[in-house]
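Using the sequences and the hints given, assemble the complete structure.
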Amino acid sequence: MKKKKIILLCILLILGTSCQQNKEKLIKNNPFIEFSYYQKDKQERYQNYQKEHPNLKTEDIVTHVNIGLDQAPYTNTKETLFLNTTYLLVNKYHYLPATYVPEKLERIDTNYTNGNKQLVQEARLSFEQMANDAKNEGYTIRAISAYRSYQYQQALYEKYVLQDGKENADTYSARPGYSEHQTGLVVDIDNGKQDFNHFEETEEFKWMQENAANYGFILRYPKGKENITGYSYESWHYRYVGKKIAQEIMNKNITLDEYYIKYLENS
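Adding 5 to a residue's 1-based position in the sequence shown gives its number in this note's numbering.
In short, the hints are calculated from the structure, not lab data.
Heads up, the beta-carbon is just placed ideally off N, CA and C, and yes, glycines get one too.
Take the hints with a grain of salt, since some may be wrong.
Stated by the list, open to error - Simulated DEER-style distance windows between Cβ atoms: (1) 142 with 255: 17 to 23 Å; (2) 197 with 110: 20 to 26 Å; (3) 64 with 199: 37 to 43 Å; (4) 120 with 47: 43 to 49 Å; (5) 106 with 258: 32 to 38 Å; (6) 203 with 52: 42 to 48 Å; (7) 164 with 64: 35 to 41 Å; (8) 60 with 110: 40 to 46 Å; (9) 76 with 173: 19 to 25 Å; (10) 167 with 255: 34 to 40 Å; (11) 47 with 248: 29 to 35 Å.
If you want it as C-alpha coordinates, here you go:
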(Lines of atoms letter the chains of each structure in order from A and count residues from 1; the text may use other names and numbers.)
(Lines give C-alpha, C1' and ligand atoms only; values in the text may rest on other atoms or scores of the structure.)
Protein backbone atom coordinates (compact mmCIF):
# COMPACT_ATOMS: atom_id res chain seq x y z
CA MET A 1 0.00 0.00 0.00
CA LYS A 2 2.83 2.35 0.94
CA LYS A 3 4.60 1.53 -2.35
CA LYS A 4 1.46 2.43 -4.34
CA LYS A 5 1.22 5.80 -2.57
CA ILE A 6 4.84 6.56 -3.41
CA ILE A 7 4.27 5.66 -7.07
CA LEU A 8 1.13 7.84 -7.19
CA LEU A 9 3.00 10.75 -5.62
CA CYS A 10 5.77 10.41 -8.18
CA ILE A 11 3.24 10.44 -11.02
CA LEU A 12 1.60 13.58 -9.62
CA LEU A 13 4.96 15.29 -9.29
CA ILE A 14 5.83 14.43 -12.89
CA LEU A 15 2.45 15.66 -14.13
CA GLY A 16 2.78 18.84 -12.09
CA THR A 17 6.23 19.51 -13.50
CA SER A 18 4.95 18.83 -17.00
CA CYS A 19 1.99 21.21 -16.55
CA GLN A 20 4.28 23.94 -15.24
CA GLN A 21 6.64 23.49 -18.16
CA ASN A 22 3.73 23.65 -20.62
CA LYS A 23 2.45 26.80 -18.92
CA GLU A 24 5.86 28.44 -19.12
CA LYS A 25 6.12 27.48 -22.76
CA LEU A 26 2.70 28.98 -23.53
CA ILE A 27 3.59 32.24 -21.74
CA LYS A 28 6.90 32.43 -23.58
CA ASN A 29 5.11 32.06 -26.92
CA ASN A 30 2.27 34.39 -25.92
CA PRO A 31 3.22 36.57 -22.91
CA PHE A 32 -0.18 38.31 -22.86
CA ILE A 33 -1.97 35.23 -21.49
CA GLU A 34 -0.10 35.52 -18.20
CA PHE A 35 -2.57 38.14 -16.98
CA SER A 36 -6.00 37.23 -15.64
CA TYR A 37 -7.70 40.01 -17.60
CA TYR A 38 -6.27 38.83 -20.94
CA GLN A 39 -8.98 38.65 -23.62
CA LYS A 40 -8.41 36.20 -26.43
CA ASP A 41 -10.40 38.23 -28.98
CA LYS A 42 -7.93 41.13 -28.53
CA GLN A 43 -4.81 39.07 -29.28
CA GLU A 44 -4.07 40.79 -32.59
CA ARG A 45 -4.59 44.21 -31.02
CA TYR A 46 -2.13 43.37 -28.24
CA GLN A 47 0.48 42.40 -30.82
CA ASN A 48 -0.05 45.53 -32.91
CA TYR A 49 0.06 47.78 -29.86
CA GLN A 50 3.27 46.13 -28.71
CA LYS A 51 4.89 46.89 -32.07
CA GLU A 52 3.87 50.55 -31.70
CA HIS A 53 5.04 50.71 -28.07
CA PRO A 54 8.00 48.33 -27.78
CA ASN A 55 9.16 49.84 -24.48
CA LEU A 56 5.88 49.19 -22.64
CA LYS A 57 5.61 46.33 -20.18
CA THR A 58 3.46 43.43 -21.32
CA GLU A 59 1.08 44.07 -18.42
CA ASP A 60 0.60 47.68 -19.57
CA ILE A 61 -0.03 46.59 -23.16
CA VAL A 62 -2.88 44.31 -22.07
CA THR A 63 -4.28 47.01 -19.77
CA HIS A 64 -4.12 49.78 -22.37
CA VAL A 65 -5.71 47.70 -25.11
CA ASN A 66 -8.48 46.52 -22.80
CA ILE A 67 -9.23 50.14 -21.91
CA GLY A 68 -9.33 50.92 -25.64
CA LEU A 69 -6.27 53.15 -25.87
CA ASP A 70 -5.07 51.47 -29.05
CA GLN A 71 -8.03 53.09 -30.80
CA ALA A 72 -9.05 56.71 -31.25
CA PRO A 73 -11.23 58.11 -28.44
CA TYR A 74 -14.97 57.75 -28.94
CA THR A 75 -14.55 54.88 -31.42
CA ASN A 76 -15.85 51.35 -30.82
CA THR A 77 -17.45 52.55 -27.61
CA LYS A 78 -19.77 50.50 -25.45
CA GLU A 79 -22.37 51.16 -22.79
CA THR A 80 -20.80 50.90 -19.37
CA LEU A 81 -21.64 48.04 -17.03
CA PHE A 82 -22.67 48.16 -13.36
CA LEU A 83 -25.09 51.09 -13.53
CA ASN A 84 -26.07 52.47 -10.12
CA THR A 85 -22.95 51.15 -8.45
CA THR A 86 -20.06 53.16 -7.04
CA TYR A 87 -17.51 51.47 -9.31
CA LEU A 88 -18.96 51.91 -12.81
CA LEU A 89 -16.52 53.23 -15.39
CA VAL A 90 -17.26 56.22 -17.60
CA ASN A 91 -14.57 57.44 -19.98
CA LYS A 92 -14.03 58.02 -23.70
CA TYR A 93 -14.74 54.33 -24.43
CA HIS A 94 -17.56 53.59 -21.95
CA TYR A 95 -20.71 55.70 -22.04
CA LEU A 96 -23.95 56.20 -20.13
CA PRO A 97 -27.35 56.12 -21.84
CA ALA A 98 -28.80 59.55 -22.55
CA THR A 99 -31.78 58.64 -20.36
CA TYR A 100 -29.66 57.51 -17.40
CA VAL A 101 -30.35 59.24 -14.10
CA PRO A 102 -28.66 57.67 -11.06
CA GLU A 103 -30.81 56.38 -8.22
CA LYS A 104 -30.99 58.14 -4.84
CA LEU A 105 -29.80 61.55 -5.98
CA GLU A 106 -29.83 63.89 -2.99
CA ARG A 107 -29.03 67.53 -2.45
CA ILE A 108 -25.71 68.29 -0.76
CA ASP A 109 -25.89 70.31 2.44
CA THR A 110 -25.59 73.95 1.35
CA ASN A 111 -22.92 74.49 4.02
CA TYR A 112 -20.60 72.59 1.69
CA THR A 113 -21.63 73.87 -1.76
CA ASN A 114 -21.97 77.13 -3.67
CA GLY A 115 -25.55 76.31 -4.68
CA ASN A 116 -27.97 73.50 -5.41
CA LYS A 117 -25.77 70.45 -6.05
CA GLN A 118 -26.66 66.76 -5.97
CA LEU A 119 -24.84 63.48 -5.41
CA VAL A 120 -25.91 59.87 -5.03
CA GLN A 121 -26.77 59.29 -1.36
CA GLU A 122 -23.67 57.27 -0.42
CA ALA A 123 -21.36 59.78 -2.09
CA ARG A 124 -23.25 62.71 -0.56
CA LEU A 125 -22.93 61.37 2.97
CA SER A 126 -19.21 60.71 2.52
CA PHE A 127 -18.59 64.10 0.94
CA GLU A 128 -20.39 65.94 3.73
CA GLN A 129 -18.44 63.99 6.35
CA MET A 130 -15.19 64.78 4.55
CA ALA A 131 -16.03 68.48 4.20
CA ASN A 132 -17.09 68.68 7.84
CA ASP A 133 -13.91 66.98 9.09
CA ALA A 134 -11.83 69.30 6.93
CA LYS A 135 -13.71 72.27 8.37
CA ASN A 136 -12.92 71.10 11.89
CA GLU A 137 -9.25 71.17 10.95
CA GLY A 138 -9.50 74.67 9.48
CA TYR A 139 -9.95 73.81 5.80
CA THR A 140 -12.79 74.60 3.37
CA ILE A 141 -13.88 71.92 0.91
CA ARG A 142 -16.74 73.19 -1.24
CA ALA A 143 -18.61 71.47 -4.08
CA ILE A 144 -18.93 73.76 -7.08
CA SER A 145 -20.21 71.09 -9.48
CA ALA A 146 -21.65 67.62 -8.94
CA TYR A 147 -24.39 65.71 -10.81
CA ARG A 148 -25.01 66.88 -14.36
CA SER A 149 -27.71 65.54 -16.64
CA TYR A 150 -26.97 64.37 -20.19
CA GLN A 151 -28.66 67.50 -21.52
CA TYR A 152 -26.66 69.81 -19.26
CA GLN A 153 -23.39 68.19 -20.35
CA GLN A 154 -24.41 68.45 -23.99
CA ALA A 155 -24.96 72.20 -23.71
CA LEU A 156 -21.70 72.63 -21.77
CA TYR A 157 -19.65 70.63 -24.26
CA GLU A 158 -21.11 72.51 -27.23
CA LYS A 159 -20.24 75.79 -25.53
CA TYR A 160 -16.62 74.69 -25.10
CA VAL A 161 -16.41 73.53 -28.73
CA LEU A 162 -17.57 76.96 -29.92
CA GLN A 163 -15.11 78.59 -27.56
CA ASP A 164 -11.97 76.48 -28.15
CA GLY A 165 -12.69 74.10 -31.02
CA LYS A 166 -13.52 70.40 -30.80
CA GLU A 167 -9.94 69.12 -30.53
CA ASN A 168 -9.12 71.36 -27.57
CA ALA A 169 -12.51 70.89 -25.91
CA ASP A 170 -12.01 67.12 -25.94
CA THR A 171 -8.90 67.47 -23.75
CA TYR A 172 -10.85 68.90 -20.82
CA SER A 173 -14.57 68.39 -21.40
CA ALA A 174 -16.48 65.13 -21.84
CA ARG A 175 -18.95 64.65 -24.63
CA PRO A 176 -22.56 64.07 -23.52
CA GLY A 177 -22.99 60.51 -22.24
CA TYR A 178 -19.28 60.24 -21.52
CA SER A 179 -19.17 62.53 -18.50
CA GLU A 180 -18.54 61.14 -15.03
CA HIS A 181 -20.72 63.90 -13.65
CA GLN A 182 -23.78 62.07 -15.00
CA THR A 183 -23.05 59.24 -12.54
CA GLY A 184 -23.81 61.47 -9.54
CA LEU A 185 -20.54 60.28 -7.99
CA VAL A 186 -18.33 63.25 -8.85
CA VAL A 187 -17.61 66.61 -7.25
CA ASP A 188 -15.54 69.47 -8.55
CA ILE A 189 -14.28 71.40 -5.54
CA ASP A 190 -12.63 74.64 -4.48
CA ASN A 191 -11.83 76.29 -1.16
CA GLY A 192 -14.24 79.20 -1.54
CA LYS A 193 -11.37 81.65 -1.96
CA GLN A 194 -9.37 80.81 -5.06
CA ASP A 195 -10.55 79.84 -8.53
CA PHE A 196 -10.84 76.06 -8.86
CA ASN A 197 -8.22 76.07 -11.63
CA HIS A 198 -5.69 76.94 -8.93
CA PHE A 199 -6.89 74.36 -6.41
CA GLU A 200 -3.55 72.56 -6.57
CA GLU A 201 -1.92 75.61 -4.99
CA THR A 202 -4.12 75.50 -1.88
CA GLU A 203 -3.71 73.92 1.53
CA GLU A 204 -7.04 72.19 0.89
CA PHE A 205 -5.51 70.32 -2.03
CA LYS A 206 -2.75 68.99 0.22
CA TRP A 207 -5.40 67.93 2.73
CA MET A 208 -7.34 66.10 -0.01
CA GLN A 209 -4.20 64.31 -1.17
CA GLU A 210 -3.72 62.93 2.32
CA ASN A 211 -7.34 62.26 3.25
CA ALA A 212 -9.67 61.85 0.25
CA ALA A 213 -9.26 58.05 0.02
CA ASN A 214 -10.29 57.70 3.67
CA TYR A 215 -13.73 58.93 2.60
CA GLY A 216 -13.88 56.90 -0.62
CA PHE A 217 -12.79 59.62 -3.08
CA ILE A 218 -9.99 59.57 -5.64
CA LEU A 219 -8.38 62.26 -7.74
CA ARG A 220 -9.85 61.07 -11.03
CA TYR A 221 -7.57 62.79 -13.54
CA PRO A 222 -4.11 62.87 -11.92
CA LYS A 223 -0.97 64.49 -13.28
CA GLY A 224 1.14 62.17 -15.41
CA LYS A 225 -1.79 59.90 -16.29
CA GLU A 226 -3.25 61.99 -19.12
CA ASN A 227 -2.45 59.27 -21.67
CA ILE A 228 -4.59 56.84 -19.65
CA THR A 229 -7.55 59.04 -18.68
CA GLY A 230 -7.69 61.02 -21.92
CA TYR A 231 -8.08 64.30 -20.02
CA SER A 232 -5.85 67.08 -18.82
CA TYR A 233 -4.82 67.00 -15.17
CA GLU A 234 -7.65 68.26 -12.92
CA SER A 235 -6.68 68.86 -9.31
CA TRP A 236 -10.31 69.70 -8.43
CA HIS A 237 -12.16 66.69 -9.88
CA TYR A 238 -12.86 63.91 -7.35
CA ARG A 239 -14.73 60.67 -7.90
CA TYR A 240 -16.41 58.56 -5.24
CA VAL A 241 -15.62 54.83 -5.51
CA GLY A 242 -15.93 53.72 -1.87
CA LYS A 243 -13.19 53.42 0.74
CA LYS A 244 -11.86 49.98 -0.24
CA ILE A 245 -11.33 50.76 -3.92
CA ALA A 246 -10.10 54.29 -3.21
CA GLN A 247 -7.41 52.95 -0.88
CA GLU A 248 -6.34 50.30 -3.39
CA ILE A 249 -6.13 52.82 -6.24
CA MET A 250 -4.07 55.16 -4.08
CA ASN A 251 -1.72 52.39 -2.87
CA LYS A 252 -1.19 51.05 -6.39
CA ASN A 253 -0.84 54.56 -7.85
CA ILE A 254 -3.13 53.77 -10.76
CA THR A 255 -6.26 55.30 -12.28
CA LEU A 256 -9.83 54.07 -12.06
CA ASP A 257 -9.54 53.05 -15.72
CA GLU A 258 -6.66 50.70 -14.92
CA TYR A 259 -8.24 49.37 -11.75
CA TYR A 260 -11.51 48.64 -13.53
CA ILE A 261 -9.84 46.67 -16.30
CA LYS A 262 -7.68 44.63 -13.94
CA TYR A 263 -10.08 43.91 -11.08
CA LEU A 264 -13.70 44.73 -11.96
CA GLU A 265 -14.58 44.27 -15.62
CA ASN A 266 -14.64 40.46 -15.55
CA SER A 267 -15.55 40.00 -11.90
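For this session: Report the numbers of all earlier hints that the structure fails to satisfy, in ascending order.
Result: none
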